[in-house]
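Read left to right, the sequence shown gives residues 552 to 732 (my numbering).
Certain hints may be false.
Straight-line C-alpha distance at most 30 Å; calculated BS3-like pairs for lysine-lysine [unchecked claim]:
| id | residue 1 | residue 2 |
| --- | --- | --- |
| 1 | Lys645 | Lys690 |
| 2 | Lys565 | Lys696 |
| 3 | Lys578 | Lys594 |
| 4 | Lys696 | Lys676 |
| 5 | Lys591 | Lys609 |
| 6 | Lys641 | Lys730 |
| 7 | Lys645 | Lys591 |
| 8 | Lys636 | Lys688 |
| 9 | Lys676 | Lys688 |
| 10 | Lys690 | Lys594 |
| 11 | Lys636 | Lys671 |
| 12 | Lys690 | Lys671 |
| 13 | Lys713 | Lys565 |
| 14 | Lys639 | Lys696 |
| 15 | Lys591 | Lys636 |
| 16 | Lys565 | Lys688 |
These aren't lab readings, by the way, just hints derived from the structure by calculation.
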Amino acid sequence: MPVLTKKTVHDYLKLPEGSPYQLIQGKLVISPAPSIFHQKISKRIFQILYKNIENDQKGEVFYSPVDVYLDEENVFQPDLVVVLKDGKAKIEEKGIIGAPNVVIEVLSPSSAYYDLVEKKEVYQKYGVKEYWIVDLKRKTVEIYKNSDNEFVLVASARENGKVFSEILSLEFDLNDIFKEE
Numbered sequence: 552m553p554v555l556t557k558k559t560v561h562d563y564l565k566l567p568e569g570s571p572y573q574l575i576q577g578k579l580v581i582s583p584a585p586s587i588f589h590q591k592i593s594k595r596i597f598q599i600l601y602k603n604i605e606n607d608q609k610g611e612v613f614y615s616p617v618d619v620y621l622d623e624e625n626v627f628q629p630d631l632v633v634v635l636k637d638g639k640a641k642i643e644e645k646g647i648i649g650a651p652n653v654v655i656e657v658l659s660p661s662s663a664y665y666d667l668v669e670k671k672e673v674y675q676k677y678g679v680k681e682y683w684i685v686d687l688k689r690k691t692v693e694i695y696k697n698s699d700n701e702f703v704l705v706a707s708a709r710e711n712g713k714v715f716s717e718i719l720s721l722e723f724d725l726n727d728i729f730k731e732e
């Protein structure tokens with residue numbers, strides 16, 4: 552039986568630029584391109600965040616693909632990332648170094664396990680302040696707050712409900728996110 556060796560940031564950086572890989576707990580994980588609906592939802596959330604974060608000069612908002620370096624075995628490409636001016640993460644040319652203030656993952660069939668389990672554990676460990684899970688099938692948004700390196704569900708809404716981000720001081724109307732065109 553072949554033995555798989557753990558990969559590191561060094562191995563990850565040898566990949567061609569633009570490769571659809573993430574380094575998750577020492578494993579190189581490839582993801583197919585997201586669906587159009589996934590991209591529409593991500594874009595709507597980005598537009599709301601951009602308007603309220605960057606226009607007010609509170610910080611910066613990034614969308615995938617952007618590398619978030621957490622340690623030697625974990626380099627993620629979340630769907631959306633918020634780095635506030637008072638945050639600990641550093642924005643460098645190669646990506647974001649350290650834990651962003653807010654990470655938002657829009658679930659896809661190919662990535663749901665990683666987003667809900669493995670990546671969530673690592674984000675929790677490294678101090679991401681808020682972790683959002685956007686479920687396209689259920690049309691829900693869940694916001695988890697990091698309390699002593701443990702995520703606690705603090706807001707949840709479905710379809711036409713609202714959620715409030717304490718870290719961003721911002722309310723989100725899910726009608727604006729999941730609206731039909």
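Okay, the hints, checked on the actual structure:
no. : hint               : in the structure
1   : Lys645 with Lys690 : violated, 33 Å
2   : Lys565 with Lys696 : violated, 34 Å
3   : Lys578 with Lys594 : holds, 28 Å
4   : Lys696 with Lys676 : holds, 12 Å
5   : Lys591 with Lys609 : holds, 24 Å
6   : Lys641 with Lys730 : violated, 34 Å
7   : Lys645 with Lys591 : holds, 26 Å
8   : Lys636 with Lys688 : violated, 34 Å
9   : Lys676 with Lys688 : holds, 28 Å
10  : Lys690 with Lys594 : holds, 15 Å
11  : Lys636 with Lys671 : holds, 23 Å
12  : Lys690 with Lys671 : holds, 20 Å
13  : Lys713 with Lys565 : violated, 43 Å
14  : Lys639 with Lys696 : holds, 16 Å
15  : Lys591 with Lys636 : holds, 27 Å
16  : Lys565 with Lys688 : violated, 36 Å
Checked against the numbered hints above, the structure violates hints 1, 2, 6, 8, 13 and 16; every other hint is satisfied.
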